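Number of protein chains: 2
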Amino acid sequence: MADNVSRVDGTRVLADLHALRAIGTYKSGVHKPTFSEPHLRSLEWLVQRLPEAGLAGDIDGIGNVLGASTKPGPKLLAGSHLESQNHAGWLDGPLGVVYALEAARVINPDPKIDGAVEVAAWCDEEGHFGHFLGSRSYVGAVAEADIDSARDRNDGRTMREALASAGLADRPRVQAERGRHIGYLEAHIEQGETLESSGLKIGIVTSIVGIWQYRITFTGEQNHAGTTRMAIRRDAGLALARFCVAIDDRFPASCGPRTVWTTGRITLEPGAPSIIPGAAEMLFQIRDDDPAVIARLEDLLRAMAAEVDKQGRCSVAVERIRTGAPARMDASFQQAIEAASAAFAGGKSLRMPSGAGHDAQILATIMPAGMLFVPSIGGISHHWTENTADADIVTGAEVFVDACRRLLVR
Amino acid sequence: MADNVSRVDGTRVLADLHALRAIGTYKSGVHKPTFSEPHLRSLEWLVQRLPEAGLAGDIDGIGNVLGASTKPGPKLLAGSHLESQNHAGWLDGPLGVVYALEAARVINPDPKIDGAVEVAAWCDEEGHFGHFLGSRSYVGAVAEADIDSARDRNDGRTMREALASAGLADRPRVQAERGRHIGYLEAHIEQGETLESSGLKIGIVTSIVGIWQYRITFTGEQNHAGTTRMAIRRDAGLALARFCVAIDDRFPASCGPRTVWTTGRITLEPGAPSIIPGAAEMLFQIRDDDPAVIARLEDLLRAMAAEVDKQGRCSVAVERIRTGAPARMDASFQQAIEAASAAFAGGKSLRMPSGAGHDAQILATIMPAGMLFVPSIGGISHHWTENTADADIVTGAEVFVDACRRLLVR
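Protein chains in written order, with my numbering: chain A, 1 to 410; chain B, 1 to 410.
No lab work stands behind these hints: they were computed from the structure. Mixed in with the good hints there might be a few duds.
As the list makes no split between identical chains, a pair holds if one copy fits it or if it spans any two.
As the list claims (entries may be wrong) - Derived EDC-like pairs (lysine to aspartate or glutamate); straight-line CA-CA distance at most 20 angstroms:
#1 LYS27 <-> GLU221
#2 LYS27 <-> GLU161
#3 LYS348 <-> ASP248
#4 LYS71 <-> GLU144
#5 LYS112 <-> GLU177
#6 LYS27 <-> GLU269
#7 LYS71 <-> ASP114
Here the structure is a predicted model, which means the values were calculated and not measured.
Work out the full structure: start from the sequences and follow the hints.
Written as structure tokens, this is what we have:
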């Protein structure tokens with residue numbers, strides 16, 4: 001470790017994170033929906049920091065910030081995102097951006113290191129307008145028509161309107177220059193409690209799970225809640241509730257060790273207290289890093305729906321509306337993170353899949369990619385109470401910067 | 001029956017119902033929310049019909065139409081409502097108004113009958129702005145402050161705005177003149193399938209059930225749907241689904257023969273596909289004509305909630321938000337309907353409670369009240385397919401008019 005001093009400035013990292021937290025503060029977290037004023041100010045903040053790291057860049061035509069280096073040698077791309085979920089935490093996104101910035105500040109001016117870290121903030125990772133529109137734009141997977149049709153799920157504003165009012169409508173979208181980068185590294189809070197409950201400091205991500213999403217629709221018969229006897233009802237809401245419970249009872253026998261499933265939204269039609277619901281819909285999601293497990297669970301889901309149909313009281317339709325293949329993280333990136341953890345985190349690391357989606361899964365489609373996690377207190381995220389201990393934030397920064405160095409000099 | 005000819009004009013009754021169906025037509029039903037243009041036109045239509053029945057009246061300051069007679073002798077009040085649920089049927093409401101109008105047309109000009117039928121259309125029986133605001137205003141149970149705070153559940157428009165734009169803001173509200181009426185009679189479609197499935201033509205309502213309504217709120221922990229292991233989740237939506245199923249499993253052992261219960265609306269917070277719901281709410285309703293049965297079921301509901309609380313994963317709060325005592329129908333009104341059914345419906349009648357609420361329950365708080373039902377095809381109501389056979393509509397009119405005559409001449 002003698003020649004391997006990180007020179008990470010932990011105070012500077014924390015100060016940067018607090019500077020971003022001060023933009024769009026909500027309780028102890030932030031509220032920065034994509035293209036909101038606090039989000040745009042956060043992007044400007046990053047643009048103004050880039051020169052300190054020997055980088056130049058601006059906000060592009062889809063709201064990405066990309067800081068490019070003119071230093072010769074290999075380039076490593078690193079970053080995350082700066083918008084937040086609604087009324088959410090201060091670290092989900094900014095942590096990865098500030099780590100990347102710190103790595104660039106440490107590595108880029110260092111003449112002993114051949115190569116540079118380039119910093120990215122990907123727009124809309126949190127999906128206010130779509131799925132990973134910023135990173136997907138960068139890898140060339142977003143057409144103009146996708147932008148035409150994108151709308152803010154909060155208020156229905158079109159993405160075109162949002163880009164225009166942010167003054168970004170006429171800017172080009174920066175796209176990946178093939179061969180420019182040796183790969184992409186992203187840090188993130190774990191958003192789970194595995195690291196914390198095991199006393200570990202660094203998660204080495206092996207893969208990002210796939211997300212399969214379903215719209216499950218129940219059709220019964222709408223009728224008057226006062227005059228229709230219980231015996232003859234065809235209550236779509238009750239059929240849905242029974243289905244939710246059946247999933248919870250039956251999935252455990254068929255799932256993998258880390259499978260998760262969630263019913264995030266339920267809608268009854270017409271939704272009035274005096275009317276028996278004639279239709280009901282649930283949004284249901286399964287996540288696993290093994291497509292075979294997902295396939296088995298989808299078969300079970302469809303078999304369960306067929307059983308309900310057969311009982312004849314309500315009919316059920318299962319529609320898959322999102323299919324996300326798992327993304328494998330590059331083996332050499334995992335090794336670099338593990339070696340850096342040994343050097344700066346006492347080896348308190350664990351290889352683990354990511355249950356959440358991240359921009360790294362998009363970058364992984366065009367270059368080697370890796371991710372590291374730091375612990376989340378109580379496993380909480382997507383909530384304003386989300387937090388990580390200051391010491392863990394600094395340790396994470398040291399491991400991250402060292403992993404970047406190892407990837408550039410290997 | 002020789003001196004008991006109804007002189008009901010069945011063709012005229014059907015023509016009137018079709019005239020009202022032609023205002024605000026939706027498929028084979030109507031869409032006439034309270035104070036919508038089609039609702040106001042329907043009220044105007046009724047005002048223009050009143051003189052044919054020897055009545056005079058107008059739309060009052062809450063949207064009621066009241067047709068008064070100057071004929072000496074006893075007065076019987078009769079009516080129903082002209083607005084509809086959204087995208088609903090053509091008979092729910094108009095049937096009772098047109099029967100009342102027909103009774104007035106037959107009885108009021110008849111010098112042999114001492115007394116008159118007065119016709120009412122009560123505003124907002126369907127509860128777009130509140131609960132029975134029209135009939136409650138008439139009996140003196142609506143304060144100006146109640147109107148100030150009433151809003152359209154469809155679009156949030158205040159009742160004051162709706163009254164102003166209908167030109168009703170400055171009109172007085174007509175209130176009941178104590179002692180003027182011998183009672184109130186209302187006809188309605190059954191909205192259930194008891195009459196149809198038994199081959200009967202007339203339901204003689206014994207009581208209108210009470211409606212107890214609850215807001216049941218589940219509190220768990222909002223978290224990320226990808227990173228939070230199943231074992232440690234506190235999913236409020238799943239707790240709600242299990243509670244719905246438990247109600248359905250356990251209520252039958254404690255309920256009465258005609259008790260009904262319904263979960264009409266479910267809301268998960270925040271309602272996003274990738275977030276485990278931290279809170280969930282259901283609107284739940286119990287109806288019975290026996291308060292003791294309701295009390296027993298409410299005890300069970302609270303005991304079940306305490307069991308969920310005790311398991312410790314999610315907490316449950318049960319809040320009663322509406323308490324409606326059952327309304328008994330007057331015995332002499334039931335006898336009059338039964339005698340009229342014997343004369344005009346071959347005695348094919350049944351005494352039965354009403355599972356739905358009606359304006360008659362409000363009028364019953366200040367005068368004797370009665371209701372009769374005609375069959376509903378397939379038991380369907382609050383849906384545009386709602387219907388009753390023409391022959392049953394005409395038979396119902398004959399029984400209704402004869403019951404009015406019997407009540408006036410007794």
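Going through the earlier hints one by one, which of them does the structure break, listed in rising order? Numbers 2, 3, 4, 5, in rising order.
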